[in-house]
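Just so you know, we're using our numbering here: the sequence shown kicks off at 22 and counts up by one.
Just so you know, the hints here were simulated from the structure itself, not pulled from any lab data. As the structure is a computational prediction, the values presented were derived from the model and not from experiment. Idealized CB from N, CA, C, for every residue including glycine. It cannot be assumed that every hint is accurate.
With beta-carbon atoms standing in for the labels, derived distance ranges [claimed, not checked]: (1) Thr249 to Ala62: 24 to 32 Å; (2) Arg286 to Glu200: 27 to 35 Å; (3) Gly191 to Gln294: 54 to 62 Å; (4) Glu100 to Arg288: 31 to 39 Å; (5) Gly384 to Arg245: 13 to 21 Å; (6) Glu287 to Ser264: 14 to 22 Å; (7) Gly361 to Gln102: 19 to 27 Å.
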Amino acid sequence: MPSSDATVLRLEPLRAWRFVAGKVSALGAVTSPPYDVLEPAIVRRLTDSDLHNMVRLILPRDPELGPGRYDEPARRLAEWQRAGVVIQDQQPALYVYEQQLGNAVLCGLVGSLGLDPARRVVLPHEDVMPHWVDDRLELMEATDADLEPILLTYDDGGAASDAVDAARSGEPWVEADTENGAQHRIWRIDDPAVLADIAAGLATHEALIADGHHRYAAYLERQRREPTRQGTGFGLAMLVDYSRHPLTLDPIHRVVPGLDLATVRERTPEGWQVLPGRVEGVPDRIAVTDGSTWVTLRSTRGQEAPTVAMLHDLLLPAWGVVEADISFHHALADALALAGPQQAAVELAAPRLDQVRRSAARGVVLPQKATSFGPKPRVGLLFRTL
């Protein structure tokens, strides 16, 4: 594989690994959502659903084993490879991946992304938590694999998006249905002329990391530690043209131990209005509850920054919050279930895509867990080894 060129956006063909349908109960049954949206009940259900479910690799049962907790997943993956449960594609390709759930469609290209430590063409938009970067790096080093594609988005793909649409008109290479009702289909692109057109088209673009900042940071750390090893200049990624296949953009809510509504009312700084109740229809609002009572905050000065940035930059310091104690929840119901008199739940509005892109283009990162882009690619349909 060629070395990464950080001056242009590159998505290289790879020989992906995949499960063999006859060796597992069903292709969909061995897949998993990404590690960071897995609630304990989902982990238990997936672990019990099939002996080969990917959750057994990406999130093993015993997190108390420290760095050694990924030794067993590494042995398990090696056994699957030896037994032919997973096989590697014979020829390099870019893969068109489509996921459909109701009216929601995720569609784009999966390949090996050239890493960009200088942030010129691969643009992160939110901060990371070091312990999760270390965790994902330990998994990558133990398995010598990229098991979960990160998700990137860009605008007006031209030749690349034309190639995606053309591939989808043919017979899929892989098909799978998952327990949530989603249908997944994959096609291969291996024609050298088409691959060259895709590479030329992508080279004129930048891409925003939509999902997978911790995994991307782990890719960069792996490259820093092993700069001369073949393959460390790349990481598994899915690239979506949002002008043709828009992604959803949702907030991630917070639960703040030690925070009560009296503190919110009394210590919210100037420039903010504190309204009683959970007020709907207020642009860029922040709503806080102790489980029984709500207050709604709105900026009186107008704003261009996403509310999540203003929460972390202005409000949490004013309230005396220790950020390390905060927990993050994709579902508001999960946050509300934890709310109490001394533990407030904070409901956020989703940032706008233009706000996120503008921040990333300026090199400004939003706070950790600022956004939830979706749909997210399913883990286990395609993965990469070094």
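Going down the list of hints, with the structure as the test:
no.: 1; hint: Thr249 to Ala62: 24 to 32 Å; result: violated (44 Å)
no.: 2; hint: Arg286 to Glu200: 27 to 35 Å; result: violated (44 Å)
no.: 3; hint: Gly191 to Gln294: 54 to 62 Å; result: holds (56 Å)
no.: 4; hint: Glu100 to Arg288: 31 to 39 Å; result: violated (56 Å)
no.: 5; hint: Gly384 to Arg245: 13 to 21 Å; result: holds (19 Å)
no.: 6; hint: Glu287 to Ser264: 14 to 22 Å; result: violated (46 Å)
no.: 7; hint: Gly361 to Gln102: 19 to 27 Å; result: violated (48 Å)
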